[in-house]
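Student: Take these sequences, add in the hints, and give me the full structure.
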Amino acid sequence: MKLSKWADKNAGYILILPAVIIIVLFSIAPIIGTLRYAFFDMQLNNQAKNDMYFESNINVALNQETITYLNYYLDIDMDSVQNKDTIAKIDEIKKDLRELELFIAEKIASSDLRAIVQVGQAEQNALLERQQSIVNKLDELYSMDDEFYSPEDTMAVASEFETSIIESNFSGVDNFTKVLKDERVHSTLTFTLIFTVISVFAELIFGLALALIMNKPFKGRSLVRTFSLIPWAIPTSVAALIWSYLYNGSSGIVSHIFTTIGLINSPASMLNSAQNALGGIIIADVWKTTPYMALLLLGGLQVIPNSLYESSALEGARSWQQFRYITLPLLKPSIFVALLFRTLDAFRILDLIYVLTGGGPGGSTESISLYAYKVMFSQTRFGYGSAIVLIMALVVGIITFIYIKALNVDLLGEKR
Amino acid sequence: MNRAKTSTLFKIVIVLYLFIIIFPFFWVAVTSLRPEAEIWGSGALQLKGAAFTTENYKLLFKTPVLNSLKNSLIISTITTIYVTFVASLCAYAIARLDFKFKKLLTVIVLVTSMFPQMIVIGPIYRVFVQLGWTNSYYISLPYSNITLPVAIFILITHFSQIPKEMEESATMDGSSKINTFFKIILPLAAPGIFTAAIIIFIGAWNEFLLSLTLNTNEAWRTATVNISFLRGQFEIFWGQVTAATVVVTIPTLIIVILFQKQIVSGITSGALKE
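Residue numbers (our numbering), protein chains in the order written: chain R, -13 to 402; chain B, 49 to 322.
Don't take each hint at face value.
[As the list claims (entries may be wrong)] Straight-line Cα separation of at most 30 Å, BS3-like style, residue types lysine-lysine; simulated pairs:
hint	chain 1	residue 1	chain 2	residue 2
1	B	K212	R	K(-5)
2	B	K53	R	K205
3	R	K(-9)	B	K148
4	R	K318	B	K59
5	B	K151	R	K318
6	B	K212	B	K150
7	B	K59	R	K205
8	B	K118	R	K360
9	R	K(-5)	B	K150
Treat the hints as calculated values from the structure; they're not laboratory data. Being a predicted model, the structure only gives us computed values, none of them experimental.
Tutor: Written out as structure tokens, the structure reads:
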């Protein structure tokens, strides 16, 4: 009884709990993660940099593995060598290796069995010195005249010592200063903004016109509405494939039509020239999202009461006056929402370009999302990629702020 | 301008609009039925005397396209089920119940839907690699990222439209709030919940970036990513590419035709929530 009373009192918290958990785990925590990555020189394919290290660390497991392998190779060498000097040298190195193990056990890892252990500067230097001396002695050993198993392999194993010492990869604001100076960030950001402004503007004009048309009763209106949904509903990668076929230089019908009417020089130049490719991407995007924009605005048009038009018509208002003084002001909140969300959507464009041009020709149609994706997943530079993404997020914030100020609309609709 | 002129112009605009929307699909569908040899050069542009064949589809079904459709279907279904449930609970609480931080929660949901998706992908990728969750159906979990906010906003609109008297009379009868929600509100909100489910499904079906980065193994790729690889190859077989496009578009077409009303309501109530 008590429990049910408690549950009733806290019903709100209980019902939001699953959503809050999911948002925290899959939105908020990753955003914080990205924020942290951006302050480190983090590279996933580099063993010494694939995590965030504030302090110096030793990869004890890797160090131990190196010692084990060196011992193994030296034992093989021991069987084949002939000279007394060489045997003495091998013994000396093996003794050093044992001492190195002891040093680690006493000074660094004591009872710790974790792979990566934090160390102070003094211990790290001491370890480095010991490792270096072993490598030097191996060098001396293999310059001696004798029968060895495989000096190259042994030296390759020894070079792993270096990797087992992990320096701090905290880089402060380095990534951000680099992003601001990165030519490719400038060019991709410029491209993305140009694409966003042109395509969203075109979508707004066409979408508004279509919404006004669809708001009038005519035969087949529901059919038009159904067809409008199709480009929006299909996956972007499918739309991109469709257009890449229509644009292709050999058999693309759109590239041939554009050539015939003189828009482009030859069908092959449709996606091979930077300017044409930009145009092609914009057309594909406008084709895919204008119907969606129209439906959004249509939703706004339908809540405008008809009586306003009737009474203004009685007073002799012309239709463009009705549009200017009734439709447009009342549609403003819908236009704001449609514009804002379309702008943010266009700004993060990735899949359309990934499939249609891959960023080409020569990187001229690379969007900033695509660049950040390539930095993170082709070059595995997570720290730098994260900094690019955060700059993007900043631009998103600026865009939102400008819209709210310019259109003077309250995003949460509280001051209605 | 006289009336007849206006209505002719009106008709022309509508026909042109429909033509622009439909033509790419029509042209791709036609191409997919022609032999590969005919799709090269300007021969592709002529339909007169074209030979028709189902060869492209036969070849396509030897590639993993069906498997990728199955992956998409399973991942989208899992996402739809749990996100619809979670979003319903949360949206009802926001629409009708009182609790602290309500405004903060609404703002957070809104803001997470505005950020570029790239902002979450790095940490999610790393955690998935560490947990061994890449190339699995666990990918449905981060799909909440793109589907949960919009679902919550659609459902807030729908729950707000249910008359308050329903809850009040239930409370008078001594029913607890959570009980009222499951027994009385949920059935009443079923159309709205269905609308949200459709929008979630389409969103999950169309997802690209998470699928591209997390399920990289060909056996686990979703349809959207899988067909993008057809284009990436050095030599492009347009017959197969267009056939794949048709096959992947068909499920979307079916959903649009069956549920157009719900989709339109979802689009407008999700964005124009006030």
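Student: Taking the hints in turn, state whether each one holds.
Tutor: Hints versus structure:
1. B:K212 with R:K(-5): It holds: about 18 Å lies between the C-alpha atoms, which stays within 30 Å.
2. B:K53 with R:K205: 17 Å, holds
3. R:K(-9) with B:K148: 18 Å, holds
4. R:K318 with B:K59: The given pair, whose Cα atoms are some 28 Å apart, holds under the 30 Å limit.
5. B:K151 with R:K318: 24 Å, holds
6. B:K212 with B:K150: 19 Å, holds
7. B:K59 with R:K205: Roughly 10 Å between the alpha carbons, so the hint for K59 (chain B) and K205 (chain R) holds.
8. B:K118 with R:K360: 28 Å, holds
9. R:K(-5) with B:K150: 15 Å, holds
In this structure, every one of the numbered hints holds.
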